[in-house]
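Colleague: Below, each chain spelled out in residue letters.
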Amino acid sequence: MTPQRVAVASLLLLAGCAKVVKPGDPVPGLTRQQRDRFARGKTVFDSTFTPATGLGPLFNATGCGECHEDPVAGGRGDEIELHATAFHAPTCDPLVEEGGPVAQLHTTPALKQALGIDSEPVPPSATARAHRTSPVVFGRGLLDLVPDSEILSYADPDDRNHDGIRGRPGRSLDGRIGRFGRKALVPTLREFNAGAFPTEIGVTDPEQPTEESIGGQPIPPGVDPVADPEITQDAVDLADDFVRFLGAPTAAKLGKDGRRGRDLFSQIGCASCHIPKLRTGPSPIRALARREFPAYTDLLLHDMGPELADICLGIATPQDFRTEPLLDLRDAKTFLHDGQAASLEQAIERHGGEAAGVRDRFKALPAADRNAVVAFLKAL
Amino acid sequence: MHCTSRAVALTAMLLLPVVTHAAVDRHPQGAAQPAPSYTYQGTVRAFTAKTGALDLITGVGMALRIVHVTLAPAAHAGGGTAARLAGLEFKAGDVVRVECHRTATGLVADRVERIEVPKP
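Top to bottom, those sequences are chains A and B.
Note that the numbering used here numbers the first sequence so that position 199 is 897, with each residue one more than the last.
Note that the numbering used here numbers the second sequence so that position 5 is 34, with each residue one more than the last.
No wet-lab data here; the hints were simulated from the structure.
Each hint can be trusted.
Derived list of chain B stretches under chain A, where covered just means 3 residues or more per stretch with a C-beta under 8 Å from a C-beta of chain A:
1. 66–79
2. 88–95
FRET-style restraints, in silico, Cβ to Cβ:
3. A/Arg984 <-> B/Ala121: 42 to 52 Å
4. B/Ala75 <-> A/Val718: 45 to 55 Å
5. A/Lys717 <-> B/Pro147: 35 to 45 Å
6. A/Val718 <-> B/His130: 49 to 59 Å
7. A/Gln731 <-> B/Glu145: 35 to 45 Å
8. A/Thr908 <-> B/Ala75: 16 to 26 Å
9. B/Pro147 <-> A/Gly727: 28 to 38 Å
In this text, all values refer to a predicted model and were calculated from it rather than measured experimentally.
Cβ coordinates follow ideal geometry from the N, Cα and C atoms, glycine included.
Just chain A, same shape as in the assembly:
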């Protein structure tokens, strides 16, 4: 065999051996120590809390894994949360003094006995309510490392290219660029994860050591006896590492229809916001640093029109939503932020506002082409 043939054969072998990331797999290339933390973090993620270990008194779930479970830990869930805020243009009030934007759906037995409530009351000052599904958290460690400069490079708030698509970055309460949450309020994965313990499980942690109020009222004495913080920094760090190291699933091999759908996805403009690949910046975690990965998002806020409008949050108006990363759609059973679309076609057809033109182009496609787009999406 000539040296040239050896080189070609080696390249083909490498290409064939490119690591396929399945839902729930860690990103390839972690060190042994990082893989160990991934495994230990999954244990924290899958653990179930009780009132004796800090659960509640308000909560949406008894553990991370209750809502992020399908098809594996880190996947989506069938729970639908209730959020509420007040929009007084141009400002948004997250109603923190009335219990905050997340109205938890469950109470511990002690709180129920004390106040006779099964869930947190929706703040009376709310001007809108919203339903929220539990998304997959795959690939979030990669999204966390997309540089601000790359996100800003996709923004076009004045629509200077006249394509009808604007896009602006969300902002955290302290002014940083937001990446996480349907309204792009949260700037880092670390904060999203550390905030999820008190918000979703009612478990205070060292980074947010105070319980939220009960609809604005203090927690009745004796209802929440576990001392704050109710979980250790080590446990938060491990859970954070588990989520951070979850890879972005590799798309399934595309057939002829899927390849046609992938081309159409770009041609009709879906890829203007659902940008297929993003690249991470530097990181001390080599497996995450400077990696191109499937993202299908620009992480920007877009006006999606009045029909999808629900709550405001941060600088996001009721009509603004952050472009959802399209990851692991193969396992999705419902679609959109509220789970109200029963199929991908319905989800596309509910796009409005800045996406109205793309939606109309999709609807104008021949049936075979629409099916091809759907076939492509179902491979993600």
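Given chain A, put chain B in place with the hints provided.
Modeller: Structure of chain B alone, referenced to chain A:
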């Protein structure tokens, strides 16, 4: 008129740390240790200029909390500081950084800085 008020406010913000540090410097050697300082950066929910009451929304992820801060009344920060702070105005939605210390009545600001959030 509006520009004048703005200039006064900005000047107050710039001078405030100088004034505060000057006040600290006047304490005699060997006096009690200064109270630990806290820094919060968040979005203004409400501000009452008359009382200096500032409600700030901060958060870790979606776990949002309100921080109540009083903008250095004369009793704590000296008349000069209070006078300068009187020119400050904040509105809901402003992003600010507040350095403060805890007193028996709550958090009292030593320095307030409005953060300009860049437009894309």
